[in-house]
Every structure is written in structure tokens, then in C-alpha cells.
Amino acid sequence: MNIIIALVMFGVLVAIHEFGHFAVAKLSGIKVNKFAIGMGPVLFKFNKGETEYSLRLFPVGGYCAMEGEDDASEDSRAFRNKPVKNRIGVVLAGPVMNLILGFILSLVTVGFFSDIIKTNTIREFYPNAMSEQTGLMTGDEIISMDGTRIFTTSDISYKFTNSKDGVFDLVVKRDGKKVKLNDVKFYRKYYYYIEGPTDEIPYEHYVTFDTREEYTGDEKLEVAETNVDFKVFKEEKKTFINMVSYAVRDSLSTARLIWMSFIDLIRGKYGLNDLSGPVGIVTAIGTVRTYGMESLMNLIVMITINLGIFNLLPLPALDGGRLVFLIIEGIRKKPVPPEKEGMVHLIGIACLMILMGVITVSDILKLTGK
92 MNIIIALVMF GVLVAIHEFG HFAVAKLSGI KVNKFAIGMG PVLFKFNKGE
142 TEYSLRLFPV GGYCAMEGED DASEDSRAFR NKPVKNRIGV VLAGPVMNLI
192 LGFILSLVTV GFFSDIIKTN TIREFYPNAM SEQTGLMTGD EIISMDGTRI
242 FTTSDISYKF TNSKDGVFDL VVKRDGKKVK LNDVKFYRKY YYYIEGPTDE
292 IPYEHYVTFD TREEYTGDEK LEVAETNVDF KVFKEEKKTF INMVSYAVRD
342 SLSTARLIWM SFIDLIRGKY GLNDLSGPVG IVTAIGTVRT YGMESLMNLI
392 VMITINLGIF NLLPLPALDG GRLVFLIIEG IRKKPVPPEK EGMVHLIGIA
442 CLMILMGVIT VSDILKLTGK
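Converting from the sequence shown to our numbering requires adding 91 to each position, the first position being numbered 1.
One or more hints might be untrue.
Across the chosen pairs, the derived CB separations fall in these ranges [as the list claims (entries may be wrong)]:
| hint | residue 1 | residue 2 | range |
| --- | --- | --- | --- |
| 1 | PHE204 | LEU312 | 31 to 39 Å |
| 2 | GLY140 | ILE195 | 38 to 46 Å |
| 3 | GLU215 | GLY362 | 52 to 60 Å |
Straight-line distance between alpha carbons at most 35 Å, and here's what the computed DSBU-like set of lysine-lysine pairs gives [as the list claims (entries may be wrong)]:
| hint | residue 1 | residue 2 |
| --- | --- | --- |
| 4 | LYS136 | LYS117 |
| 5 | LYS360 | LYS280 |
| 6 | LYS209 | LYS457 |
| 7 | LYS360 | LYS117 |
No wet-lab data here; the hints were simulated from the structure.
Every residue gets a Cβ at the ideal spot worked out from N, C-alpha and C, and that includes glycine.
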């Protein structure tokens with residue numbers, strides 16, 4: 092089932108992405124020779140008008156092959172013979188479609204699978220919460236942490252995950268006014284015992300207690316620590332306005348977190364072992380399915396937006412790399428020779444394939460425990 096979900100998800104994401112390129116190319120009067128979902132051997136294909144449509148064996152990519160895209164062409168409808176602004180629109184259309192899909196899926200998730208809409212306003216503190224002792228108050232709405240705008244509780248979790256000491260400078264909205272709080276420390280100590288693992292209860296399931304005295308059973312209690320020392324208010328009533336508002340904020344938050352994670356990867360904070368490919372995604376799907384449909388949909392939203400952001404990176408073979416060449420052409424008023432640009436993208440594709448192979452091997456080793 093995990094594999095089926097992954098295959099369907101990859102197929103839909105690729106189809107939406109390539110359809111963006113296809114639709115804008117057609118609207119711009121560009122001739123599209125081939126439109127393919129998947130890579131590798133052809134499962135089936137058909138021709139309609141001037142375009143060959145095909146479904147291929149491996150659902151990890153796809154392409155929209157336009158006339159004169161990577162070589163010179165005398166055809167007036169060739170990609171390279173269209174104005175730069177039209178070509179930029181075609182290149183951007185794929186990633187933008189993924190970002191739009193991510194927003195739509197986020198809206199569907201909060202509308203159909205989420206019982207509530209979480210806010211950033213503090214409802215109550217856990218016993219002995221350090222954040223309450225160092226400046227926060229019930230009713231405060233967290234606006235920013237260390238200068239980073241907070242859109243959703245996911246942003247707060249990300250800041251906690253990447254903090255060394257759990258101490259932040261905050262801006263909160265208190266009684267309608269913005270208040271700056273310096274050196275707010277988040278810390279909570281609690282106790283728990285594990286009910287599982289059993290066939291019905293995954294090993295991640297815990298029963299937690301704020302104090303040792305709350306528990307009266309015979310199981311051995313373990314001490315745990317976390318930065319989360321407060322609870323937030325939840326928007327019980329769903330209206331179209333607050334659902335759209337949350338979906339926008341959630342999409343912006345996810346896109347920014349992906350970009351920040353990429354920057355952290357470049358800085359060396361994360362290694363290749365922290366990356367996941369198709370095999371890792373299938374494993375992640377299996378894990379989040381145990382938590383319910385909302386968690387699965389949130390994962391799909393993240394992957395969808397991740398695909399859009401990743402393709403906008405200025406790397407050869409990606410849409411962002413092609414965009415760089417178009418910007419250079421717009422500035423120089425002269426295109427880069429197609430054979431040189433094609434060589435750069437070919438090298439980029441080779442590097443991406445090697446990287447994908449390394450990540451896949453890493454995912455398999457994780458599964459085998461090596």
C-alpha cells in the first residue's frame with residue numbers, strides 16, 4: 092500500500108508539473124513534440140495532433156519536449172525563437188503548478204482531515220514551564236522568534252529543533268500591541284512510560300505525565316525533556332476564510348522551511364545521510380500512515396511544495412538552471428549557444444542521477460540497519 096500511494100503521488104506530482112510547462116507552452120504558441128509521465132521504457136503512447144503522449148515505466152520524473160528547446164531550429168514555433176518573457180513563463184509554470192497544488196492540498200487537509208486549526212496563541216503552560224517564568228504570558232500570540240516570522244506552529248517546532256539552548260528573543264502580540272521579549276527560555280521536564288510495542292500500538296506511542304505523582308501504575312517511569320512547555324489555542328470553528336488563511340500560512344511556512352533546510356545543507360549542518368529519495372519517501376509514508384490521514388496529507392503537501400522549490404534552484408538541468416540562462420540572455424540581448432547550454436544541462440542531469448543513486452543506496456542501508 093505504501094508503494095502504491097508513493098507511485099500515485101509521484102505520478103500526480105509529475106503530471107501536474109509537466110502540465111504546467113505544456114499548457115503555457117501551448118498558450119505561447121510553442122510546438123510541443125513529446126509529453127511524457129515517467130522515465131525509461133514506454134508502457135504505452137499515442138499521438139494527438141503534433142504531440143506524442145506517453146506513460147513510462149519509472150514514475151520518478153517526466154518531460155515536456157518542445158521544438159528547439161536544446162538545439163537550434165528554424166521552426167518559427169520553436170522554443171528558442173519565442174521572446175524571453177514567454178520562455179521564462181514556460182519554465183516557471185511547472186514549479187508554480189506544484190506550489191499551487193501544495194496550497195490546494197493544504198486547504199483540503201484542513202477542510203476534511205483536520206479537526207481544528209492551530210493558532211500561535213498560548214492557551215496554557217505546563218507545570219514549571221520555563222517560558223512562563225522568563226517572560227511569556229497566557230494569551231500571547233507569537234509573532235517572531237529570533238527575527239524569523241512565525242506563520243504556524245510548524246515554524247515554532249523548527250526553531251526548537253535547530254536551537255542549541257532553547258533561548259530566543261521573541262516578538263509577541265499582547266493585548267493588541269507588539270511586545271519584545273528577550274532571552275525567553277523554553278523547557279519542560281516530564282515523565283512517561285511506553286505502552287507498546289504491540290500489534291495495535293506503534294512503538295512511538297507514549298503515555299505522559301507532567302509530574303511523577305500523577306502516575307499510580309507499576310510501570311517504570313522515564314524522564315524526558317522538551318522545549319514544548321505550553322499549549323496553543325485552537326480555532327474550533329471552520330470557516331472558508333480561516334481555512335484559506337491557514338492554508339496560505341501553512342504553504343508559506345512549508346516553502347520557507349524547505350529553503351532554510353537547503354541552506355543548512357549547504358552550510359554542512361546536514362549530510363547526505365539526512366536526505367531521502369523515493370525509497371525513503373515510501374518508508375516515511377509507512378510511518379506517517381500510522382498517525383492517520385491528516386499526517387499523511389501533511390507529508391504529501393510537504394513533498395509537493397518541496398518539488399516546486401527544488402526545481403526553482405539555480406542548478407543545471409532543473410527549471411531554475413534554465414531560468415538562469417534565460418535571465419543571462421535577457422541581460423545580454425543574445426542567447427547562450429544552445430550546444431553549450433545543452434552540455435551544461437547534460438552534466439547536471441548526470442550529477443543528479445549519481446546523487447539519486449547515492450541517496451537510494453543510503454535509504455536502503457537505513458532500512459537494513461547498516
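Comparing the hints with the structure gives:
{"no.": "1", "hint": "PHE204 <-> LEU312: 31 to 39 Å", "verdict": "holds, 34 Å"}
{"no.": "2", "hint": "GLY140 <-> ILE195: 38 to 46 Å", "verdict": "violated, 29 Å"}
{"no.": "3", "hint": "GLU215 <-> GLY362: 52 to 60 Å", "verdict": "violated, 39 Å"}
{"no.": "4", "hint": "LYS136 <-> LYS117", "verdict": "holds, 20 Å"}
{"no.": "5", "hint": "LYS360 <-> LYS280", "verdict": "holds, 27 Å"}
{"no.": "6", "hint": "LYS209 <-> LYS457", "verdict": "holds, 34 Å"}
{"no.": "7", "hint": "LYS360 <-> LYS117", "verdict": "violated, 43 Å"}
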